[in-house]
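Asker: Sequence:
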Amino acid sequence: MDDISFQEALDRFFTKSYMAEINNVLVTYPKKRSINIDWKELEKFDAELADAVMEHPTLAIKGGEAAIRKMNLHNATGEEFRPHVRFYNCPDKDLLIENIGSHFLNKLFVFKGLITRRGDVIHKAKRMVFECPACAERFPLIVDRNFSTPGKCPTCKKAFLRARLDEATFVDYQVAEVQDPLERVTAGTPAAKIIINLEDDLVNTIIPGENVEITGILRINPSKKYNKGDMIFQKYVEVTHVKKIQRDFEELEITKEEEEEILNLASDPEIVSKIRDSVAPDIHGYDEIKLALALQLFGGRKGKTTPGGMPIRDDIHILLVGDPGIAKTRFLRQMCEIAPKSVYVSGKSVSGVGLTASAEKDELSGGGWTLKAGALVLASGGVAAIDEFDKIDDEDRASLHEVMESGTVSIAKAGIVATFKAKTTIVAAANPKLGRFLKNRNIPDQFNIPPSLLSRFDLIFPLLDELNETKDERLAEHILKMHSSTHEEKEGEGSRRAISKELLRKYIAYAKSHISPVLSIEASKVLKDYYVSLRRLGEQTGSVPITPRYLEGLIRMAEAHAKARLSSVVEEVDAEAAKMLLNYVISEIMTDKETNIISTDIIASGRSPGEMKIAAEIIDIIKSISANVDVVEIDAVVQEAVQNGMDEYKVRRTISKMLKNGDLYEPRPGILRLLE
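Using this note's numbering, the first residue of the sequence shown is number 714, and each one after it goes up by one.
Just so you know, the hints here were simulated from the structure itself, not pulled from any lab data. Errors might be hidden in some of the hints.
List time: in silico PhoX-like cross-link candidates among lysine-lysine, alpha-carbon distance up to 20 angstroms [stated by the list, open to error]:
(1) LYS948 to LYS938
(2) LYS775 to LYS957
(3) LYS956 to LYS820
(4) LYS745 to LYS775
Taking CB as the label site, the calculated pair distances span [to be verified]:
(5) GLU1235 to ILE1025: 18 to 26 angstroms
(6) ASN917 to ASP751: 20 to 28 angstroms
(7) VAL1231 to ASN819: 49 to 57 angstroms
(8) ASN819 to THR868: 46 to 54 angstroms
None of these values were measured; they are calculated from a predicted model. We put the CB at the ideal spot given by N, CA and C, even for glycine.
Let's have the full structure, built from the sequences with the hints guiding it.
Answerer: Right under this line is the structure:
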């Protein structure tokens, strides 16, 4: 198709097929100034023309805009109608960034990706006016990809031309970075990235962390890393259209045959047990943890809001804390393998902004600041596995509070105020402070995670390396069997007792996209009675065994259990499963070793009921001793407490905790002062 035929075909297409869209844009022009052309519609109109658009997009865009200008249209204020023409819905959407090669150069193509960075808005000249300082001759020039700054005046040839910026025409311009979607990145390999350029009304239409479908033209620039003589170029994409997409479990394609297989699985009364056994099947035991992790993948019912319109969290957050070598990291890795969208990070090598988001000096557009999405933003809609959670600095961990409760990340730095979506399910692993757990101490007292963050986890599981001959024998047999079995034997055994990873992923995707379970009256009664009974227990012991936050967690787990059964109703069996998991956590984490009293304060404040009683008595002693002075010696407080029948070690430990929590002040070593 020659240039004349190309233009004539475009003229026919716009006048015959797209006048309605043109008139819709004209009404709001210049607020809306792009006409989006569905490539599939173009193909129906003229297949040869559609192919020519893919091969010669620059000519097609200019021709389309020329076709509209020929109509001589003006908006309500009389301004000439000069919209952009943007093609979208092109073929081959599954192209990976790593496969964008030189054969795409100057051609139109489409790919999907994840925005990782976005630069400042800068300004690009589209039309320049140059003036000769000697003869005053003026030269208006259109700025395109082949533009070069003119030299001497072609009229008088006496002086170099000067740019008249006050008469130039500029357009907004922005540079961003896109990487391959997380769910399409091969495990253990870095995601391929590419720079994209956006102009005019496409500027600021994307933010880091968003999944997008980009339609654009592949361009090249000389690489700054090499000498000019090397003739080596860097690629970038000149964006012509952006479409925001969501990519998580729901994005997985499920065939009719797979749907039938999923529904057959759901009819099995043991389906939840099978799903549980399919999570980390190579790890022996830990059925409660496996069930919790399985339910975490399903999540609670989406879309719920408070009467005030605030969204209610449906993500289930889980923390694994245990002795070294107890498969914590393997659990995290298995979760990442099952979830189609996931990130794995280690607390040893990540900062708070690396987890959430940051504003950094803009290397993309050469100045100002750029927004960069962290791991939790990039994994929004998926799973974030955080290993060595206890190694993250307190200041950095503080950035997780908003993510875990609200599913957002807010940033205000260098004049940039933004909120990212970070609806991410978090599974984290940590180690005890002393390397291993001490049996006679409360478990939350033995790991270095602040109570305010601990309370954001729905479930906290301790993994203890206990000496038990029967368990040790079973574990040894399991490990030896794994190492001695052939590949075929392992596959055969796995098919009998667990669902394949691929099918499980599709099963979860189906549940998340098709099932939105509602609490039945019976399930509500089970959860209410359980909650009230625990609260009543607190009245007897003077502690707070459970708070409304845990009731919300119970509801999420019951909903997830119903989704695992592909049930649209949360029934008693689902509520009982949620109760079982929380009971396990209560017995292991929230029960005071000394008094056997259940209390959320062990997690919420880091103190057991016994320690809170000791703390209250310590404050009374300090007030008594320091009635006429501002300060008191620690040894004097300890001596008085021991005389009152308290254990010296417990008193000193409680004082240390009170100092750490800010309940007491130590103006100088060995001296205490009460805070006003």
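Asker: Taking the hints in turn, state whether each one holds.
Answerer: Evaluated hints:
1. LYS948 to LYS938: Since the Cα atoms of LYS948 and LYS938 sit roughly 13 angstroms apart, the hinted pair holds (cutoff 20 angstroms).
2. LYS775 to LYS957: Violated, at roughly 25 angstroms.
3. LYS956 to LYS820: Holds: LYS956 and LYS820 sit about 19 angstroms apart, inside 20 angstroms.
4. LYS745 to LYS775: holds, 19 angstroms
5. GLU1235 to ILE1025: 18 to 26 angstroms: Distance hint for GLU1235, ILE1025 holds at roughly 22 angstroms.
6. ASN917 to ASP751: 20 to 28 angstroms: holds, 24 angstroms
7. VAL1231 to ASN819: 49 to 57 angstroms: With a Cβ separation near 54 angstroms, VAL1231 and ASN819 satisfy 49 to 57 angstroms, so the hint holds.
8. ASN819 to THR868: 46 to 54 angstroms: This hint is violated: roughly 35 angstroms between Cβ atoms.
Taken one by one, the earlier hints fail for this structure at numbers 2 and 8, listed in ascending order.
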